[in-house]
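Start from the sequences, fold in the hints, and give me the full structure.
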Amino acid sequence: KINNNVAIGVDGNGHEVVLFGKGIGFGELPYSINDMSKIERSFYDIDYRYYNLLSEIPENMFLFTSRIVDAIESKIDGNLNPNLVFILADHINFAVTRYRKGMQISLPYSYEIEFEYPHLTKLAKWIVKNINAKYQVCLDKGEVTSITMHLLNALEGKTNQDDQQHQSQITRIIKNVTKIIEDYFGIVLDKNDFNYFRFKIH
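Residue numbering for the sequence shown follows my numbering, starting at 1 and increasing by one per position.
Each hint should be verified, as a subset may be incorrect.
Unchecked claim - Dumping the calculated PhoX-like pairs for lysine-lysine here, alpha-carbon to alpha-carbon at most 25 Å: (1) Lys38 / Lys22; (2) Lys141 / Lys101; (3) Lys175 / Lys200; (4) Lys200 / Lys179; (5) Lys38 / Lys75; (6) Lys22 / Lys75; (7) Lys122 / Lys75.
Simulated from the structure, these hints should not be mistaken for laboratory data.
Listed below in structure tokens is the structure:
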């Protein structure tokens, strides 16, 4: 049980699944669900480290994000990583919360990214437009670039001969950025902590 409306289950084939549904986590667990209409949404192949987000992010944010991902999936050439809903929900929740608290952080808009990935940028603009309308906010234009990068990172099945070198570069950048943060604040980050994992994703 995560809460009354969210639970972790196992399907008939023994695969773990995250389930959303009114009252699905209510009562004594475990139990068998015979009425499939109780399940509003199910998510397979989610990295267990993202389970922490289920208790941090409002359910309606997850459901809104899953509808957004459903809408763009058919418009993207390739398969999206199943974790995208969780990663994007985390990003959107933080952006909306930050805006409502008046924490104005100006994110850079990348015309280079727009030129390189015009279709993904167009989808990201559509996502930001929907976020603004749904939550009555006015997110910075830089959010378009951030969401474009999330979409790009979530694309599967794309092969690139420089992938290994690219991954090595990312690892080196994260290591250097982590050291800068630790030195500046005089702290040591727990590399096994979920928040560090979340930090690396963003």
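Take the C-alpha atoms of lysine 22 and lysine 75, compute the straight-line distance between them, and say whether it is at most 25 Å. Violated, at about 30 Å.
Measure nothing beyond the straight line between the CA atoms of lysine 141 and lysine 101; if it is 25 Å or shorter, mark the hint as holding. holds (18 Å)
Run the distance test for lysine 200 versus lysine 179: straight-line Cα separation, threshold 25 Å. Given that 25 Å is the threshold and the Cα spacing comes to 13 Å, the pair holds.
Quickly compare the C-alpha distance for lysine 122 and lysine 75 to 25 Å and report which way the hint goes. Roughly 11 Å separates the two Cα atoms, so the pair holds.
Does the alpha-carbon distance linking lysine 38 and lysine 75 stay inside the 25 Å limit? violated (29 Å)
Could you grab the alpha-carbon distance between lysine 175 and lysine 200 and see if it respects the 25 Å cut-off? holds (10 Å)
Satisfaction of hint between lysine 22 and lysine 38, Cα-Cα up to 25 Å: holds (7 Å)
Checked against the numbered hints above, the structure breaks hints 5 and 6 and satisfies the rest.
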